[in-house]
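Generate the whole structure from the sequences, applying the supplied hints.
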Amino acid sequence: MDLGLAGEAALVTGGSRGIGAAVVVALARQGCDVAFTYHGRADAAEAVAVKVRALGRRAMAIKADVASFADAEKTVTTVVRDLGRLDILVCNAGITWDGVIWKMTEKQWDTVIETNLKGYFNYNRAVAGIFKDQRSGKIVNVSSINGLRGKFAQSNYSASKAGNIALTKALARELGKFNVNVNCVAPGMVMTEMAESIPPEFLNAAVKETVLGRIAAPEDVANVIAFLCSDASRHVTGEVVKVDGGQYI
Amino acid sequence: MARVGVIGIGHGQFGRRTDATVQELAFEAYREALRDAGITPDAIDASVIGSVPEYHKQRSLAGVVQEYLALNPKATWLTEVACASGSAAVRTAWMAIRSGLHDVVAVIGCQKMTELTTAEILALMGRVGEVQWESVFGTTFPGYYAMFARRHMHEFGTTREHLSLVAVKNHYYGARNDKALFRKEITVEKASASDPVASPFLVYDCCANADGAACLILASEERAKATSDRVVWLDGIGCASSSMSVLRRPDLTSLPSAVLASRQAYRMAGITAGDVKVAEVHDCFTIAEIMAYEDLGFCEKGQGGPFIAERQSYIGGATPVNVDGGLKAKGHPIGATGVSMAYEIVRQLRGECGERQVPGADVGLTHNVGGIGQYCFVNVYRRD
Amino acid sequence: MFQWFGKVSYCPHTKVSEFADHLKGGRIMASRCAECGFMSFPPRADCPKCLGGEFEFRELCGRGTVVTYTRIDAAPAGFEDVAPYTVGVVDLEETGRLLAWFGPSIPEDRIRIGMPIQVVPRLFEELEEIKVYYSLEQPGTVWGKEPETRPAGGAERGK
Chain A
5 MDLGLAGEAA LVTGGSRGIG AAVVVALARQ GCDVAFTYHG RADAAEAVAV
55 KVRALGRRAM AIKADVASFA DAEKTVTTVV RDLGRLDILV CNAGITWDGV
105 IWKMTEKQWD TVIETNLKGY FNYNRAVAGI FKDQRSGKIV NVSSINGLRG
155 KFAQSNYSAS KAGNIALTKA LARELGKFNV NVNCVAPGMV MTEMAESIPP
205 EFLNAAVKET VLGRIAAPED VANVIAFLCS DASRHVTGEV VKVDGGQYI
Chain B
3 MARVGVIGIG HGQFGRRTDA TVQELAFEAY REALRDAGIT PDAIDASVIG
53 SVPEYHKQRS LAGVVQEYLA LNPKATWLTE VACASGSAAV RTAWMAIRSG
103 LHDVVAVIGC QKMTELTTAE ILALMGRVGE VQWESVFGTT FPGYYAMFAR
153 RHMHEFGTTR EHLSLVAVKN HYYGARNDKA LFRKEITVEK ASASDPVASP
203 FLVYDCCANA DGAACLILAS EERAKATSDR VVWLDGIGCA SSSMSVLRRP
253 DLTSLPSAVL ASRQAYRMAG ITAGDVKVAE VHDCFTIAEI MAYEDLGFCE
303 KGQGGPFIAE RQSYIGGATP VNVDGGLKAK GHPIGATGVS MAYEIVRQLR
353 GECGERQVPG ADVGLTHNVG GIGQYCFVNV YRRD
Chain C
407 MFQWFGKVSY CPHTKVSEFA DHLKGGRIMA SRCAECGFMS FPPRADCPKC
457 LGGEFEFREL CGRGTVVTYT RIDAAPAGFE DVAPYTVGVV DLEETGRLLA
507 WFGPSIPEDR IRIGMPIQVV PRLFEELEEI KVYYSLEQPG TVWGKEPETR
557 PAGGAERGK
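Just so you know, the protein sequences line up as chains A, B and C, in that order. No gaps in the numbering here: position 124 of the first sequence is 128 in this note's numbering, and each next residue is one more. No gaps in the numbering here: position 119 of the second sequence is 121 in this note's numbering, and each next residue is one more. No gaps in the numbering here: position 59 of the third sequence is 465 in this note's numbering, and each next residue is one more.
These aren't lab readings, by the way, just hints derived from the structure by calculation.
BS3-like mimics (lysine-lysine), calculated; alpha carbons at most 30 Å apart, straight line:
hint, chain 1, residue 1, chain 2, residue 2
1, C, K421, A, K136
2, A, K181, C, K551
3, A, K181, C, K413
4, A, K246, A, K122
5, A, K136, C, K551
6, C, K413, A, K173
7, C, K413, A, K136
8, B, K181, B, K279
9, C, K413, B, K59
10, A, K55, A, K246
11, A, K181, C, K421
Next up, the structure:
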C-alpha cells in the first residue's frame with residue numbers, strides 16, 4: 005500500500021532493533037529517507053542501515069542517549085542538515101527494569117523514567133518547533149498497553165508509558181493548529197529481543213489473553229505507525245491506537 | 003425656490019454631566035431654542051433627534067426625548083451617522099420643510115457619553131473601524147486620524163508643531179466660550195508634551211467625550227419671516243460619503259466626502275469658499291482641522307499646516323475657524339456636535355458672539371464628519 | 407471559520423470565510439470575480455463592477471509598500487495586553503491594501519513610509535484556540551505553508 009510518503013524524511017529513536025528497526029524499514033519501503041538513533045549495538049544499527057540503503061533510500065544511524073536533552077537537540081539539527089528536511093518523528097526507544105515497588109530502587113525508577121518518558125519529551129520538543137514553523141509534521145510515540153492498564157512489577161515502565169500517552173494528547177492540542185498530527189500506538193506483547201528475555205510461561209500467558217491467539221511481529225506495529233505517519237490518517241490526532249491483537253480490550 | 007430658515011437656537015452646557023439624563027440635556031437646549039424663537043411648543047410640527055444610540059442604555063432614543071419635550075403626538079425620528087448625526091438631523095428637517103410636509107421642525111442633537119463604564123468605552127473603541135479587516139488589529143479612532151496625519155506630514159511637510167497650533171487656537175477660543183468643556187488656554191509646549199495616544203498624536207491632539215445637547219428650530223420661508231426678524235437662512239446643504247474601510251481610500255490626506263459635500267453646498271448657496279466668513283469644522287483630531295482647511299478650499303491642498311501657522315484661521319485671518327473652541331475645547335457629545343456647530347454659526351451671523359465675534363460675518367459654514375469621513379455634511383448659512 | 411481571524415473577532419459570518427482557513431495554512435488570498443476577473447483585497451464575495459456573485463480565491467505573494475502607520479498606545483478592549491503596537495497600511499504589489507501589525511523583524515524606529523515589506527501569515531502560537539492574522543515583516547521573510555492535501559477519494563477540502 006502506497007502511503008504517499010515518498011521523498012519525506014523520518015527520525016526514529018531506538019531504531020536498531022525490535023519495533024524501531026521494523027519502523028525504520030517500513031518507512032524506507034514507503035520511500036522515506038530515515039535517520040535513527042541507537043544506544044549500544046552499532047552492528048545491529050549498521051544492519052538496519054544496510055536494509056534502508058538496499059531500498060534506495062538514505063540512512064543515518066546516530067549513536068545517542070535519548071535521555072540526554074542536549075543529544076536530542078544535536079541529533080535533530082544534524083538530521084535536518086544532512087537529510088535536508090524532517091517530516092516524521094517516531095519515538096520508540098525504551099527499556100524495562102522490572103521489580104515490585106517495595107524492592108524497586110530509586111535508580112531503577114529514574115533510569116526507566118528518564119529513558120522512556122524524558123527521552124520522548126526530548127525528541128518531541130526538539131522537532132515541535134520545526135514542525136510548527138513548516139506547518140506540517142507527524143509524531144508517533146510508541147507507548148504500551150501497560151501504560152493503559154498497568155502491569156505487575158512494572159510500576160516504573162507502566163508510569164512511563166502512561167506518561168507517553170498524556171504527552172501525546174497534550175502535544176496534539178498544542179500542535180494541531182499547525183497541521184501537525186501527534187499520535188500514540190500501544191502495542192501488546194511483541195516478539196522482540198526485549199520479549200525474548202521473558203520466561204516462556206509469561207509469553208504463554210500473554211498469548212492466552214490475546215484474542216487473536218498470537219504474539220505480534222514487529223512489522224504488525226510498524227505498519228500501523230507508517231499509516232499514522234501518512235496523510236491517509238491526516239484526521240487522526242491525539243489518539244492512542246492499540247496494536248495488541250485484542251490482548252487488552 | 004422657497005428657503006429654510008433658522009428661527010431659534012439653544013445650547014446646553016457641554017461636559018461631564020453627571021447631573022442629568024439625556025432627555026434632560028435635550029430639554030435644556032430645547033427650552034432655550036423655543037424662548038429664542040419666541041414660540042410655544044404647539045408651533046412645532048415635528049422633531050428630528052440626532053444621536054448615536056450605542057452610548058445610551060435607553061433603546062430607541064427619539065421616543066424618550068419626544069416624551070420629555072412633551073411633543074407627543076407630533077412626528078419624530080432619529081438620525082444616525084456617527085459623529086455627524088446632528089447634521090443628518092438638520093438635513094432631514096430641511097428636507098421635510100422643503101417637501102412641504104412640515105412647516106416648523108425642532109432639531110435636537112443630544113448625547114450622553116459618560117454613563118458608560120471604562121470597560122464599555124474600551125469595547126466600543128474597538129469597533130470604530132471596519133470590523134472585518136481592520137478592527138481585528140486593534141485599530142482606534144485616533145489611530146486612523148493619526149495615520150492620516152503621518153501621511154500628510156510625509157506628503158506635505160506638515161509638522162508636529164502645526165498639529166499643536168490647532169489645539170492652541172481652539173483652546174484659546176474655548177477659554178472664551180462659557181458653553182465649552184475646557185476653558186483654559188494652552189501653549190504649544192504643553193500640547194507637544196502630553197501623553198502619547200497614537201503616534202504622532204498626543205492627548206492634546208484629541209477631542210474629549212462629553213455629554214450635551216443643542217437645538218435648532220427650522221421653519222419654512224413663510225413661517226420664518228412671519229415669526230422672526232433675524233432669520234439665518236440654511237441656503238446650501240451638501241452630503242457625501244466615503245468608504246468605511248481606510249483600505250479603500252486611495253488618498254489618505256483628504257476626506258473625499260468633505261470635498262464633495264462642500265462643493266454641493268457652495269453650488270446650492272451660490273458661493274465659493276472665499277465667501278465663507280466663519281466656519282465650524284470637525285476637529286475631532288488636530289489633523290482633521292488641517293485637512294478641513296484644504297478639503298473646504300480655504301487653502302491649497304497641502305497648505306493646511308502653514309494656514310494655521312500664519313494664524314489664517316484666527317479671527318482676523320483669511321477664514322476664522324472654530325472660534326467657539328471647536329470639538330477640541332467644547333467637548334464632543336457626538337450626536338450634539340453638528341447642531342452645536344450650527345448654533346455657533348447662527349450666533350456669529352446674528353452678531354451675538356461678543357469678544358469671539360467675527361466682524362462682518364454674513365456667510366457661515368458647518369463641516370460635520372461622521373467616523374473617519376464615511377459621512378460628511380457641509381451646510382452654508384447666510385444672513386440677509 | 408472566519409472567527410479564527412483576528413485577536414478579537416467581531417465578524418464570525420461572511421461569504422469569504424475560507425479566507426481564514428487559507429491564512430491558517432499560510433496563504434493570503436484575494437478574491438477574483440469569476441465573471442469579470444475583478445480582483446479585490448480585502449476579498450469580497452460580490453463584485454462591485456459586474457455585480458457577479460461567484461468568486462474564487464487567488465493567492466497573493468504578500469509583497470507590499472508601507473503607505474502610513476501609527477503606534478497605538480491607548481488600546482481598545484481585547485488588545486490591552488499587546489499594547490503598544492504599531493499598525494501599518496500597505497499597498498499590496500498585486501491588488502488592494504491591507505492593514506496589519508508590524509512584526510518583530512521590523513523595529514518601530516526603522517518603520518518608514520514607502521519601505522517595502524512582506525506580509526506573513528501568522529497564528530497566535532501560544533493560545534490553545536485557533537486565531538490567525540498576518541504581520542508586516544522584512545522582505546525575504548519565509549514561512550511554512552500547509553501542503554494542499556486531500557483525503558483519498560478526492561473530496562473537497564473540509565470546512
